[in-house]
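A.B. asks: Sequence:
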Amino acid sequence: VIAAILGAEEFGFSTAPLIALGCIMMRKCHLNTCPVGIATQDPELRKKFAGTPEHVQNFFFFLAEEVRQYMASLGVRRFRDLIGRTDLLYTRDDLNYKTKSLDLSPLLVAGKDLNPNAVQFNIMEQDHELEAVLDHTLIAKSAPALKDGTPVHIALECSNLNRSTGTLLSSRIAKRYGASGLPENTINIKLRGSAGQSLGFILMKGITLEVEGDANDAVGKGLCGGRIVVSPPKSLLKKGFEPEDNVIIGNVALYGATSGEAYFNGIAGERFCVRNSGANTVVEGVGDHACEYMTGGRVVILGKTGRNFAAGMSGGIAYVYDPEGRFSKNCNMEMVSLERVEDETESDELLSMIESHRRYTSSNVAAKIITDWNNCLPHFVKVYPNDYKRVMEQMKEAEVEAEKHIAFV
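Residue numbering for the sequence shown follows our numbering, starting at 1 and increasing by one per position.
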C-alpha cells in the first residue's frame, strides 16, 4: 500500500510466496541441501517438498484482503486511486536520533504539484508487438513437425530485434507432446545474423537452433532439452577471423538450464552456466563467475576463464583446458576440488563432447585438441564439487556392494 502511494503500479513478490510453499529460510539454496526440498536436486530431499499451488494462491488471497482493509481505512475504493497519493502519508514522530534528522518531504511531493497536467498512473498499455515475432514464422514452417513429428528444416535471417527466438515454438511442442518433446533434431532451424536476447529460452527437446553470426545475453536460458549452436559467419572465418579470441555470445548464457546441449565457437560473457542443473555445453572461453551455483550437467571450456569460477558450485562437473596452468588462480575453491581426468570412461566422454563441438561448429581449437588428444588430455582440469564427489563415490561403492551380493547369491 505504501509503495502504491509512493507511485508504484507493479510489485514483485519473492520471499513471502516461497515461505508459503514451505521455505524455512535456512539459506542453503546454493549448497543443494535444502531441508524442505525446494532448492535442491537431491531426490531424497525433494521428497520432503510439501508445497502446492493452492498455498501460494491462498497467500495472495490473504494479501489482497489485507490491502482492501487498508484501503477502506483510507477511504479509497479503487487501488489505482492510491497511486501517487503522497498526501496520505506522514512522517512518524517516534524516530530515534539517527532518523529524526532525515528530511523525507521531497519524497512526499505529489506529482500533480510539480505538473498539474501529469497523470498519476499508467493510462497506456505497452505494445510488445508479439504478433510480429519471428516465432510465428517458425511455428508456421514447423507445422508438419508439430502435427505428426515430420522432420523440417528452416533457414531464416535474424537480427537483435528477434528476442526469445524459439520460445513460442517450444510452448507449442510442450502443449502437444509434453515434457518429453520431439525426437532429437526433428525441427532444424538455421539463422543468420545477430540474434537478440534470450535466444532459445526454454528450448524444447526436438529443436536444433543454429546461428551463423552471434547472439546477445541469456542464450539458452532455461534450456529444456533442445540444442543450440552459435558459430561465426563463414565469410569472416575465410578472412582469418579467430573465434577463440572473440566474444560470440553475451552474459548469463544457459542460466538455469535443465537439459539439452549447446556449442559456442567463441568466448561467452560473464556468468556462464549459472544454476545449470543438467545441460551439457562446450565453449572456447568464459568471463567472470562462470558455473556459479551450478548443480548438474557438464561444462567444457577450451580456453581461458574469468575470476570466481565455480562459486557455490555444488553439482555437475566442469572441464577447463589449461595448458598454461593458470586456471587455479581464477577458481573459487570454497566448494570444489581440482583434479586431472584419469578415468578412461570419463576421458572418452570428454573427447566425445569435444568431437560434437567440432562437428557442429567446425572449431579449429577442438580440431587441434582432438588431433593431439593424448598430449592435450593432461592439460584438462576437472572442477569437481566436493559434496557431489562424495555422493558419487558413495553411489559407486553401493553399486559394487550390490554386484558382490548378486555374485554371492
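Rather than coming from a laboratory, the hints here were simulated on the basis of the structure.
Just so you know, these numbers come straight off a predicted model, no measurement behind them.
Note that CB positions come from ideal geometry on N, CA and C, so glycine has one too.
Any given hint could be a false lead.
To be verified - 20 angstroms max Cα-Cα, derived PhoX-like pairs, lysine-lysine:
id	residue 1	residue 2
1	K304	K329
2	K238	K368
3	K190	K141
4	K234	K141
5	K396	K382
6	K304	K239
Claimed, not checked - Label-pair restraints from in silico Cβ distances:
id	residue 1	residue 2	range
7	P43	S159	54 to 60 angstroms
8	D372	E346	17 to 23 angstroms
9	E349	M124	51 to 57 angstroms
10	T33	A110	35 to 41 angstroms
A.B. asks: Is the Cα-Cα distance between K304 and K239 20 angstroms or less?
C.D. replies: Status violated; Cα separation ~24 angstroms.
A.B. asks: What's the verdict on K190 and K141, does the C-alpha distance respect the 20 angstroms limit or exceed it?
C.D. replies: holds (13 angstroms)
A.B. asks: Measuring from beta carbon to beta carbon, are E349 and M124 in 51 to 57 angstroms?
C.D. replies: holds (54 angstroms)
A.B. asks: State, for the Cβ atoms of D372 and E346, whether the hinted interval 17 to 23 angstroms holds or is violated.
C.D. replies: The hinted range 17 to 23 angstroms holds for D372 and E346, with Cβ atoms some 19 angstroms apart.
A.B. asks: Quick one: are P43 and S159 within 54 to 60 angstroms, going by C-beta?
C.D. replies: This hint is violated: roughly 43 angstroms between Cβ atoms.
A.B. asks: K396 and K382: Cα distance at most 20 angstroms?
C.D. replies: holds (19 angstroms)
A.B. asks: Can you tell me whether the CB distance of T33 to A110 sits inside 35 to 41 angstroms?
C.D. replies: Violated, at about 50 angstroms.
A.B. asks: Are the Cα positions of K304 and K329 separated by 20 angstroms at most?
C.D. replies: holds (11 angstroms)
A.B. asks: Taking only the CA atoms, is the gap from K234 to K141 under or equal to 20 angstroms?
C.D. replies: violated (25 angstroms)
A.B. asks: Against the 20 angstroms threshold, does the CA-CA distance of K238 and K368 hold or violate the hint?
C.D. replies: holds (18 angstroms)
Violation of the numbered hints given earlier is confined to hints 4, 6, 7, 10; the remaining hints are satisfied by the structure.
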